[in-house]
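Spelled out, the chains give:
2 protein chains.
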Amino acid sequence: MEEWYVGIDVGGTTIKMAFITATGQIVTKWEIPTNKQEEGKYITTDIANEIAQKWQKHKQQDVRLTSLGLGAPCFFEMETGFVYQAVNIGWRNFPLKDELEQKTGLPVTVDNDANMAALGEMWRGAGEGAANLLCVTLGTGVGGGIIANGRILHGVNGMAGEIGHITAVPEGGAPCNCGKTGCLETIASATGIARLAIEQVASAPDSVLHRHLQETGKLTAKQVFKAYAEADEAAEKVVKEVGFHLGLALANLANALNPEIIVIGGGVSRAGEPLLAVIEHYFSCYALKRVKEGVRFKIATLGNDAGVIGGAWLARESRQQI
Amino acid sequence: MEEWYVGIDVGGTTIKMAFITATGQIVTKWEIPTNKQEEGKYITTDIANEIAQKWQKHKQQDVRLTSLGLGAPCFFEMETGFVYQAVNIGWRNFPLKDELEQKTGLPVTVDNDANMAALGEMWRGAGEGAANLLCVTLGTGVGGGIIANGRILHGVNGMAGEIGHITAVPEGGAPCNCGKTGCLETIASATGIARLAIEQVASAPDSVLHRHLQETGKLTAKQVFKAYAEADEAAEKVVKEVGFHLGLALANLANALNPEIIVIGGGVSRAGEPLLAVIEHYFSCYALKRVKEGVRFKIATLGNDAGVIGGAWLARESRQQI
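Protein chains in written order, with our numbering: chain B, 1 to 322; chain U, 1 to 322.
One chain only, chain B, in its complex shape (with noise of 0.2 Å):
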């Protein structure tokens, strides 16, 4: 009998899904607006009832279901999959775990949406099964993920993989989301660029940066890397910024975690080789010469696939450890 997983990735806007193989092929995917009302309470039944459907149409003979893995930008207890908050979402001290199981009939494992992505591009993507893998992403915010000894780090918590949150500017930073000043996620994240391009420009009137905020009244990390590209000077101070922070903050947690591999994802790593150029310059300014030689920088290569295949991923595992 092959086995089949449900991998999920729930997001503020949409529920991305997917059935997936033991081997990590997507059998078929889609995705359904997320219901935020009510605090998020109708969430696991529209999932289940998208899962009942679409095995309706996709079943075959040899096959069954046999797990779920689900990722959600949320706190909650590892053992019980009880979330404690998901902002985003709505779910207050919600059950999520013993419902979902409850409606889908399908064991249910949780986790946190960056480390879901890391776990798929580990199994499938950039990270080539690597057992010690950093996973970062660069996106609204700056996410992670740690993979070490082939496991997914979670902490005593559930906060480990904070990378967003280390403290780059320990005095007169920007204000950080989490509360915090001078976090890696004001610096390197598409909002962060985009606000060091916009504090550049104002000494910059010549730049090419300063003419397109002119034309489009706005500033995004796309235009700084392409600007960059350009040799633009305005530019090229705002990336060696982001490298210099990235690198630096990579570089330490690689003296201290001495990964195989190391994956920037989200969407400012769509920059590609000029920004892991960068951000490799400086990690190897403040990297160990032995923790250097063993690691190597890669693109995620996953894109938006990488939650439902982590999720299918953490639901294989849960699966292999009964």
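Among the hints, erroneous ones may be present.
Pairs involving identical chains hold if they fit within one copy or between any two copies, as the list cannot separate such chains.
[Said to hold, decoys possible] Taking lysine-lysine and the BS3-like style, the derived pairs with C-alpha atoms no more than 27 Å apart in a straight line are:
hint, residue 1, residue 2
1, 218, 240
2, 237, 180
3, 16, 292
4, 240, 180
5, 240, 222
6, 289, 180
7, 16, 54
8, 103, 29
9, 292, 237
10, 16, 298
11, 292, 180
12, 180, 298
13, 103, 16
14, 41, 218
15, 29, 237
16, 226, 237
17, 29, 57
18, 292, 240
Calculated from the structure, these hints are not laboratory results.
For chain B, the structure is supplied; the task is to place chain U on it using the hints.
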């Protein structure tokens, strides 16, 4: 049949050895000088002879020595226990595990000394069995061991845990033995603290520290903490700088690893509560709220026994995996 383990901690001057029970109690401990002649080639024979002699003296009916765990300051390959280099001992490309197994007749597990100390503190010391533990040793240098999900982290080539080489001062820092500059070790080690103190007294001729320097011709970390207890302003500046860099580096690591306990060990940790207080002050400025809530700081409790106890833990672990 009761099982005892052999824990061995090989240093540049002495080799510490112990027979240890399955619950981590030391039956007997002793030390011998490290014979570094001819690239340390006599060390394994010395160890085997010592074990045989002590066993004759301490052996009991219904007890047997089952395995051996050894730590040393070295670069080595995990699977084979082959030592690439141990500068302070003399070993170079030395098949440590194989030789020691042959000479003692016991299965041998090798690890580096900082990891062994962390495992010892986890098992029987300040770590209290915590599955997520950070251990920092403030001695001549700054060492570290990281335990996550109950296992010590080695990383891809054995470098995990090099907390001392986290870059504290990215530009213009003091040179470090590792070849980089501005490492945490250049600030928070006994040597680093003494260096900061000597810098500080230059502009503080009326300080207690300056008097110490004039009277004794030198300044030690111990004197710095003594003067700090007497509210000496120069000592306060030094201790605050040390605390700031340790607090920041540990908060950044904790945001990534979310440990339950952070153990501070090594000679400098004899400063005790006043040292913890200043580290915790800065830590709480830079750690995420939930990370802060999840962690406790502790001074290491095993002193020089941490290594041999950690060795016995490794020896016991290797038995359980068979």
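Here is what the structure says about each hint:
In this assembly of identical chains, residue 218 and residue 240 lie within 27 Å of each other by CA distance solely inside one copy; the values are 21 Å within and 42 Å between copies. In this assembly of identical chains, residue 237 and residue 180 lie within 27 Å of each other by CA distance both inside one copy and across copies; the values are 25 Å within and 25 Å between. Within a single copy, residue 16 and residue 292 get their C-alpha atoms no closer than 36 Å, and across copies no closer than 33 Å, so neither meets the 27 Å cut-off. In this assembly of identical chains, the alpha carbons of residue 240 and residue 180 lie at most 27 Å apart whether taken from the same copy (23 Å) or from different copies (21 Å).
In this assembly of identical chains, residue 240 and residue 222 lie within 27 Å of each other by CA distance solely inside one copy; the values are 15 Å within and 41 Å between copies. In the homo-oligomer, the alpha carbons of residue 289 and residue 180 lie at most 27 Å apart only across protomers (9 Å), although the nearest pairing inside one protomer, at 32 Å, exceeds that limit. Taking the shortest Cα distances, residue 16 and residue 54 sit within 27 Å of each other inside one copy (13 Å), while across copies they are farther apart (64 Å). In this assembly of identical chains, residue 103 and residue 29 lie within 27 Å of each other by CA distance solely inside one copy; the values are 20 Å within and 59 Å between copies.
In this homomeric assembly, residue 292 and residue 237 come within 27 Å of each other (Cα to Cα) only inside a single copy, at 25 Å, whereas the closest approach across copies is 34 Å. In this homomeric assembly, residue 16 and residue 298 come within 27 Å of each other (Cα to Cα) only inside a single copy, at 24 Å, whereas the closest approach across copies is 44 Å. In this assembly of identical chains, residue 292 and residue 180 lie within 27 Å of each other by CA distance solely across copies; the values are 13 Å between and 30 Å within a copy. Proximity of residue 180 to residue 298 under the C-alpha cut-off of 27 Å is restricted to the inter-copy arrangement: shortest distance 25 Å between copies versus 29 Å within a copy.
Only within a single protomer do residue 103 and residue 16 lie at most 27 Å apart by alpha-carbon distance; the minimum there is 18 Å, versus 59 Å between protomers. For a Cα distance limit of 27 Å, the shortest separation of residue 41 from residue 218 qualifies neither inside one copy, at 37 Å, nor across copies, at 68 Å. Proximity of residue 29 and residue 237 under a CA criterion of 27 Å is satisfied in neither setting, with 41 Å inside one chain copy and 59 Å between copies. Taking identical chains as interchangeable, the C-alpha atoms of residue 226 and residue 237 lie at most 27 Å apart only when both belong to the same chain, with a minimum of 13 Å there against 46 Å between chains.
For the identical chains of this complex, residue 29 and residue 57 are intra-copy neighbours only, at 13 Å inside a copy versus 69 Å across copies, given an alpha-carbon limit of 27 Å. When the C-alpha separation of residue 292 and residue 240 is checked against a cutoff of 27 Å, the pair qualifies only within one copy, where the shortest distance is 20 Å, while the shortest distance between copies is 31 Å.
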